[in-house]
Structures are given as structure tokens and as C-alpha cells.
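Take these sequences, add in the hints, and give me the full structure.
Chains C and P, in that order, are what the protein sequence lines are.
Numbers in the working numbering are just positions in the first sequence, counted from 1, shifted up by 556.
Numbers in the working numbering are just positions in the second sequence, counted from 1, shifted up by 293.
Since the hints were derived computationally from the structure, they do not count as laboratory data.
Note that beta-carbon positions come from the ideal geometry of N, C-alpha and C, so glycine has one too.
Some hints could be false.
Unchecked claim - Here chain P is said to cover these stretches of chain C; the calculated rule only asks that three of the stretch's residues, wherever they fall, bring their Cβ under 8 Å from a Cβ of chain P:
| no. | region |
| --- | --- |
| 1 | 568–575 |
| 2 | 613–620 |
| 3 | 641–655 |
| 4 | 773–783 |
To be verified - Lysine to any residue pairs mimicking SDA-like chemistry, simulated, CA-CA at most 25 Å apart:
| no. | chain 1 | residue 1 | chain 2 | residue 2 |
| --- | --- | --- | --- | --- |
| 5 | C | Lys651 | C | Ala617 |
| 6 | P | Lys329 | C | Phe644 |
| 7 | P | Lys329 | C | Glu563 |
| 8 | C | Lys651 | P | His320 |
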Amino acid sequence: MSDLMQEMADKALALNIPMSVQLDLTYRCNERCVHCYLDHDDHGEMTTAEIKRLLDELAEAGVFILTLSGGEIFVRKDFFEIVEYARFHLTFCVKLKTNAILIREREAARIRDLGVESIQVSIYSHRPEVHDGVTLVPGSLNRSLAAIRFLKSQGLKVIIANVLMTRNLADYPGVRALAAELGVECTLDPTVTPMMDGNRSILQLGADHAALRRVLHDSSLIGNVDAFCAIPTEADESTLDSRPCSAGHSSCYVSPYGDVFPCVQFPLPTGNIRKQRFIDIWRHSERMNEVRSIRLKDLTTCTQCTHVANCTRCPGLAFMEGNMRGPSSQDCEKSFARTGVPSANMLLKKRAGANLVQIQVLPGLAAATTVRVAPQA
Amino acid sequence: MSKLYVARNPRVAARCLDGEMMLMSGHDSTLFTLNKTATILWQSADGMTPLDEIVARRICPEFEVEPEIALQDAEALARALAGHEIMQVSEQPIPLPAHTGVQR
Numbered sequence: 557m558s559d560l561m562q563e564m565a566d567k568a569l570a571l572n573i574p575m576s577v578q579l580d581l582t583y584r585c586n587e588r589c590v591h592c593y594l595d596h597d598d599h600g601e602m603t604t605a606e607i608k609r610l611l612d613e614l615a616e617a618g619v620f621i622l623t624l625s626g627g628e629i630f631v632r633k634d635f636f637e638i639v640e641y642a643r644f645h646l647t648f649c650v651k652l653k654t655n656a657i658l659i660r661e662r663e664a665a666r667i668r669d670l671g672v673e674s675i676q677v678s679i680y681s682h683r684p685e686v687h688d689g690v691t692l693v694p695g696s697l698n699r700s701l702a703a704i705r706f707l708k709s710q711g712l713k714v715i716i717a718n719v720l721m722t723r724n725l726a727d728y729p730g731v732r733a734l735a736a737e738l739g740v741e742c743t744l745d746p747t748v749t750p751m752m753d754g755n756r757s758i759l760q761l762g763a764d765h766a767a768l769r770r771v772l773h774d775s776s777l778i779g780n781v782d783a784f785c786a787i788p789t790e791a792d793e794s795t796l797d798s799r800p801c802s803a804g805h806s807s808c809y810v811s812p813y814g815d816v817f818p819c820v821q822f823p824l825p826t827g828n829i830r831k832q833r834f835i836d837i838w839r840h841s842e843r844m845n846e847v848r849s850i851r852l853k854d855l856t857t858c859t860q861c862t863h864v865a866n867c868t869r870c871p872g873l874a875f876m877e878g879n880m881r882g883p884s885s886q887d888c889e890k891s892f893a894r895t896g897v898p899s900a901n902m903l904l905k906k907r908a909g910a911n912l913v914q915i916q917v918l919p920g921l922a923a924a925t926t927v928r929v930a931p932q933a
Numbered sequence: 294m295s296k297l298y299v300a301r302n303p304r305v306a307a308r309c310l311d312g313e314m315m316l317m318s319g320h321d322s323t324l325f326t327l328n329k330t331a332t333i334l335w336q337s338a339d340g341m342t343p344l345d346e347i348v349a350r351r352i353c354p355e356f357e358v359e360p361e362i363a364l365q366d367a368e369a370l371a372r373a374l375a376g377h378e379i380m381q382v383s384e385q386p387i388p389l390p391a392h393t394g395v396q397r
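Next comes the structure, spelled out in C-alpha cells:
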């Protein structure tokens, strides 16, 4: 973030203005990515009129950056009508997240004419068999790459988003080389998000410790490895007084059904714009205000952790593990892979595991397996 | 002296934050902020109202400044913003697209 953007974000924070909002226009999608956290059925998406009314309310609340995502945004027939309203009528800075497979020359030109700031396109590998194996749509890599070329030819800013999983981890250098060849930015993210209904089975697709360690020690990605992977220093008081992230503070998320959450990765319902005005949810929702009240010093386990000042801890992932003030195990893994120092959460779990007593099954007790006994306090 | 007309570039993203206008260029994503005088100029830049009228009606009463000096400053500012492709300046009225909305 530029200094000026940071300054404006700080000002928005002080004034309790949501600087940026992600709005998912639909959960429907024309790909079936193996790691996707969404249910793709339509359970009652907002109509065009409802979305326009919401956009009016967001502009009134002071929202500047509007990220339109999904699902796949281009499956909505009113997509361009919505973007035109957001851009020309309400002058939002509009960013798009898409798989881009429905973008051809005509759509790219329209996106340019509408003054869209950037388009983020998901690419999982430079190899069709790997990318298409993630999206489960044959030919999807070639279509997404063709779309990126159309967008670039219109002078648009394109960002490739590369989610890293076990199955595509070896390919990120190839994706980065492809991005360089296309003249676009590339971001890598080793986070697989649990499904919104709480199902965590897709987490098994994520990179394991050794792979994560390799990525986080790759100097071509992170620059100075010694500095990036240094053993963390103790957190000072001002750090402990700081906010965990921008979710609920200067940004939030609205689902296709009008539900407002602190973040797309933080499924704590705080209100619905079909029943309340957005600004009332933003300012007065008890849950939003609870999220907003949390400082690093309030975190149950993390305050005891050596990583607290440098951790990428996601409050939403922590919430999905059961406690918005608790640790996010996926981020514990990242801190461990980065520095080699286990987190307080990992040490606690290890200690608990070590205290478990395993009772052997007696021969002849066919029905019995093993019994785990919780440690004595 | 000929009239000068100013118009907001519709490709620019804009939002007023506590009286200060934030603008993001559609050309290169550069972020700008405008002070209160420049914000008034931006909000008034409808392409049809001459710059001297904007200065006389909106800027001078607000800041108690001499009209001639204010006009010179406003013209310099408008040309600087035009240099960043976030405003258009012309000696002819500049019709904005019909769908261009209010500046919040």
C-alpha cells in the first residue's frame, strides 16, 4: 500500500468509514475448483435493483474501493449494468476477481471503457493438465490466458492470483514466468480456506510443512530470506494494542444474499442489507463491534506466542476454528515454516498430545479399538 | 479573455473523505487527494460551468480570496489535474456522459 493510501486508510479508520468492501455478486460458477469454499447453488441472489440500492448505500457510507467477486461474476447477465452503475454513477474504484473464461475482445474493451482499476484472474499452473485439473474444466487455462491477453491489449491492469496447494506447488515458478511473459503481476497464496459451512475437509489440499518451508525460504519470492525468516522479536506494548487486521475496521464483505460479514474469510453474520441499511449494520451491529474491539493483547493463546508481532494470523480462520480470539492453526504453520520456531498454539497441542494415554486393546475385545484419555489438569 | 471549461474525467474513481477528495486515476491507478479548494473545483467541474463562474460562486465566498488570484490558482490547478488525466480543460463546454453521477 502506498503511503498516501495508508494515510487515507488511517483517516477512514479514525472516522469509522469502511474504505473498501468486497461484494460477491453470485456464488454460481462455471468452474468447479477442487479447493473452493463455496456452495455454487443460487439460494436467492440479490436482484439488480437490490444491488444498485446496496451500492448507493455503500457510496453514502464512504466506501471507495469496491471489489466485485464471486462465484464467477460474468455469469450474472446484469454484470456490466452493475459495473456501469458503480463506476459512472457512484465513482467507485472498482476491482474485479474472475476466472476470466467468459472474457473476450468485446468484454475486455467494455471493462476498459468502464474505467475498472484492475482484474484479478485465478491461475493455478502454467500447465493445462494441472490448472484444468484444479478447475475441473478442460481448456480453462487456455481460455483464461486468452482473456488476460485481451485485457492487456486494452491497457488494463491484470493480476494473476496463484493459490498454492500440494498438487500445483511445484508450478509457481512457471506461473511467475508466465506472468512476466504476459506483463502482469502475480501473487501467491498458500491459504486454503475452509468451506463456509464449516467443512474443513478441503484443507487437506493445502501445502504441507516441507513445501510451505520451501516457498517461504525462496529468495526469488520474498527477497531477504534472513530478514524474512528471522526469529521474531518480542512484541512491545504498542504492537499488543494494535488491531489484528482490517476486517470490520476499514473493510467488510457482502454476500450475494445481502449478508454482511467482517471479511470474505470471516463468516460471522452481522446483518443483512435486505432488512437493515448497510450503515446501520456497519456502525451498530454488536458482532461487528465485537470484532472491532479486539486487539492483539486480547488474543487468548497468541499473546503468549513469540510470533504475535509478526504473524499473519487471520481472525476469520481463527473464528472458523471456533474462537475469533484464538489462534489460526494455518497461520501458526506458516510462522513455523518461516522461522523454524513453533507457535504457542502448536506447543500447547503437542503438550496435550504427549499427555494422552493410549490404552492397548486386550485380545478378544474385537469391538474395542483405542481409548484416548484426556490429560489431568 | 476566452472562457475556460473544466470537466471531471469519468474514468477516475472518486470519493470525498471528511471534506477531502480521494481520486484514483483510471490511467495508471495513481492515488491523489485534493485539498478543500481543489475538492470544490472537482465537484463543480461539470464541463458546462465556466471556470471563472465556479471561482466566483463557489471558491471566493468560501475562502475570502481575490477573484483574480483565485482564478489564476484555479486554472493552474485544473491544468495540473489535466496533466494527470483526471480532469479535462477546454475553451469549449465539455458535455459529460449522461450517466455520470453525483460526486459524493
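Each hint tested on the structure:
no.: 1; hint: 568–575; verdict: holds (count 3)
no.: 2; hint: 613–620; verdict: holds (count 5)
no.: 3; hint: 641–655; verdict: holds (count 8)
no.: 4; hint: 773–783; verdict: violated (count 0)
no.: 5; hint: C/Lys651 to C/Ala617; verdict: 18 Å, holds
no.: 6; hint: P/Lys329 to C/Phe644; verdict: 23 Å, holds
no.: 7; hint: P/Lys329 to C/Glu563; verdict: 17 Å, holds
no.: 8; hint: C/Lys651 to P/His320; verdict: 14 Å, holds
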